[in-house]
Amino acid sequence: MKGVDICGICYNCYIIRADLGYYLKTTDLKVASNLTLCDLHHSCVGEHYVGHINDSIYIIKENTYRRVRNLTTDTGRDCKPIHSNYQNADYYFSVKGKFYIVFKDQKIYKTTSKLTSSDCQEYPLNDDYSDCLYYWGRSFHFYIMSMTDNWGVQFIKASDFSSGNKEWFNSVYKDILDFLPGGLSLTKGPAVGTWERVRALENDTNEPISFKESIKRKVGYNKETVTKITHNWNVKMSAKVRVNELAMLIANAQLSLDTEYGGSCMKVEKNNWNEETEKEEEIIGGAALHKCIPVAVQAQSWWRNNTVLP
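Mind the numbering: the sequence shown is residues 1 to 310 in my numbering, read in order.
Hint data in this document are derived by calculation from the structure and do not stem from the laboratory.
A portion of the hints provided could be inaccurate.
To be verified - Just the calculated beta-carbon pair ranges, DEER-fashion:
{"no.": "1", "residue 1": "K30", "residue 2": "D127", "range": "22 to 32 Å"}
{"no.": "2", "residue 1": "D55", "residue 2": "K30", "range": "20 to 30 Å"}
{"no.": "3", "residue 1": "K96", "residue 2": "N170", "range": "16 to 26 Å"}
{"no.": "4", "residue 1": "G164", "residue 2": "D105", "range": "12 to 22 Å"}
{"no.": "5", "residue 1": "V31", "residue 2": "K114", "range": "27 to 37 Å"}
{"no.": "6", "residue 1": "N63", "residue 2": "M1", "range": "11 to 21 Å"}
{"no.": "7", "residue 1": "T75", "residue 2": "K30", "range": "22 to 32 Å"}
Predicted, not measured: the structure shown is a model, and the values here were computed from it.
All C-beta atoms in this analysis are idealised placements derived from N, C-alpha and C, irrespective of residue type, glycine included.
Could you build the full structure based on these sequences and the hints that come with them?
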């Protein structure tokens, strides 16, 4: 998903949600270690984010990059075009001062010391690293986050991208998962659509019958449950953020995701999804007489759908 990325500088990791306008800063993805929520500067909204050993973050958007020192203040900014060799890649990260550019469909990756230079090396992409969620580097190692069949979301640490070997792997702390797209489906459960019967109607007469009834169905999410996802986040003093509102944005984003990410494909921007609510609707129905066999009974049922994030 463009605009959602992880990058690293020295001992810090940045989990960026450009779609929400915030990023989460941490020193360790496997524990609740100094989780800090920060504003993302409006000029730092991009598609990919690369942390470099020179203490800069490269923000890639279309065919250019913006290099900054701080994602909240946009300080130290510098913009340059990206060479055509590295445009339209699936993932970008940096280790030991080199940029790694991954092209999943071509099953290759390229390395270069400058994104503006044509000089690069091309290698086949190892199968173990070909189907992952996020790639990022931190000084001398790279990290990959992926979904596993048996153990959920895991991330690995390695130093040789071509070999497929890994030094260790770990699970991702739940408060960090909550911040990522699809994370709430793993920590809270998928968005649930349950069907509930409203009315069952039988007609054993020779005349059609009808009815009109007002119903209420649940939509949205439980506000008290959802706001708990921000409890372990420190909010930076400069951040103009209300964590409760951010929790709701994350929940809205989750509901709008495809079902493969635990969402329900809801168009939440057209509804008030700020909390779990009961929405009143009116249904009109009826049961016609059965014309084939006079003694037969025609039966019909009407159902409602409740779509909520637990």
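* Of the hints given before, which are not true for this structure? -> Every hint satisfied by this model.
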